[in-house]
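Asks: Residue-level listing of the chains:
2 protein chains.
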Amino acid sequence: MRNLDEMTITQAVLAKNSGIGDARLCEIMTSLVQNLHAFAREIKLTETEWQRGIDFLAQAGAANTADRQQFALISHVLGLSTLVLAQNDRKPVGCTETAAFHVTPEQAPVLLDAGADFGADSNTAKGYLQGAVLDVQGHAIPHAVLEVHRACPHDNGAIDRALLPVDEGGRYHLCTALPDNQHIPHDSPAGQLLAALNRPHWRPAHFKFTVGATGYQRLTTHVFRAGDPYLDADPLFGVRSSLITEWQWHSGGMTPAGTVSNDPFYTLAFDFVLAKE
Amino acid sequence: MRNLDEMTITQAVLAKNSGIGDARLCEIMTSLVQNLHAFAREIKLTETEWQRGIDFLAQAGAANTADRQQFALISHVLGLSTLVLAQNDRKPVGCTETAAFHVTPEQAPVLLDAGADFGADSNTAKGYLQGAVLDVQGHAIPHAVLEVHRACPHDNGAIDRALLPVDEGGRYHLCTALPDNQHIPHDSPAGQLLAALNRPHWRPAHFKFTVGATGYQRLTTHVFRAGDPYLDADPLFGVRSSLITEWQWHSGGMTPAGTVSNDPFYTLAFDFVLAKE
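In the order they appear, the protein sequences are chains U and V. Take 1 as the starting number for the first sequence in full-length UniProt numbering and just add one per residue. Take 1 as the starting number for the second sequence in full-length UniProt numbering and just add one per residue.
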């Protein structure tokens, strides 16, 4: 195994990797090596370009945090995430579509009191979201675990995240500030990649929900808003028609929470339909 | 651009990337996206496996330092580095072969005094290396910049690195401890990858040299030693026959430096032959 060149290196690596005990890992590594080498050969990657790539990965590594996962973001920007989600999202018709990866938080999110105001710090209008966690036959799934994220503008790490109570009838209520458009910062590696690709940095506004219940597939999804200017330009390729919702505008008056509002507010009904495991 | 699935996502990403101004970057990103997606499709990468990959990159990023470049090491382990070096190493016959990437040090290495002892801290035998920096016609290249690394055992970051004086006749001398076998640590991400692949962690002992001179291609290469037990098992695929050298053993006596040694020592003559730019 000496004097390996561009004609012999791929087979040499595969031969070395043939001792992998785990058959699935062997399959993954074989395909990874073949496609990685195909890439380098196809474009005749130079030493300088290789170094640029290595430096970019190092920068992404240095900027990576639990809240701002640069490698996941880069995967989204390259469309890999959408591909992986799509090819694994085999659910009966009528189930809510998956739109994101579940990320286990570093700290468990707090359980919001029923009716509590989520994201009260925001400048956006108030919204009242309610609905149920259902199976595909429309039956309530009681005691589901429902987690909500509200992405903040400028993606500054101040993402609101909480658990919502789900009652015996599978019902939930959320009083919240509406999400705003989200910006992938230019000074992050993922943002720099987007800039190098001459692509926009703004995401459509969305809530992210993760819904889990015993006996059902965990669902991680987004809820978008009709009329958002970025629905057809999402740099992370995550928008699905079934997840675009029409919020109802109200000039003021009695809210779904039973309070009286002098300011305009919005309401939305949205059910989460889970597939059996 | 909504509802992208495994059949449509690749074209959608390529369409988004078609606005890249730099033609070469567009070529690179097109091939990268196509091959990355081909990999994910071929093995039907799952969400769990995707997360495992993202976590591995994050671990590599956290462990990455200027001295222990994890992403470069991972590229070596996957054979990508050997492929990139080979497909760009187009030099006239007779030139010294390239065997590694040049890494710009964070701090400029010190210039060793002529005849100074390099790597005196090591337990390995003393070696006297001498030779010249030549062009392919065998003419001396004066004033070349010659940098030496001696990889330490256990890859503990204590890598010796220095500039060697090169005289008007292109000649250099190096008095040094011989390099020892190098171990890629099990607790580093690159070492963990090797372990997962069920591959050995020991590299053949080598010096790394970088040689530069105005008007010539910069050369970065390794000098290996005949008889090393790891020559055919280099986990980084870097060994070339032309770079395996026969050190001469001496029981003691007068050294090339003009000193008298009671201990055995080794000598080697090795010339660096550079290609014109």
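Hints should not be assumed to be uniformly reliable.
Unchecked claim - One-sided and incomplete, this derived list gives chain U residues near chain V with beta-carbon spacing under 7 Å:
hint, residue
1, 3
2, 27
3, 80
4, 143
5, 177
6, 178
7, 218
Rather than coming from a laboratory, the hints here were simulated on the basis of the structure. Just so it is clear, the structure is predicted and the values come from calculations on it, not from any experiment. Ideal placement from N, C-alpha and C gives every residue a C-beta, glycine not left out.
Asks: If a hint holds in the structure, say so; if it doesn't, say that too.
Replies: Checked hints:
{"no.": "1", "hint": "3", "result": "holds, 5 Å"}
{"no.": "2", "hint": "27", "result": "holds, 6 Å"}
{"no.": "3", "hint": "80", "result": "holds, 6 Å"}
{"no.": "4", "hint": "143", "result": "violated, 24 Å"}
{"no.": "5", "hint": "177", "result": "violated, 25 Å"}
{"no.": "6", "hint": "178", "result": "violated, 21 Å"}
{"no.": "7", "hint": "218", "result": "violated, 10 Å"}
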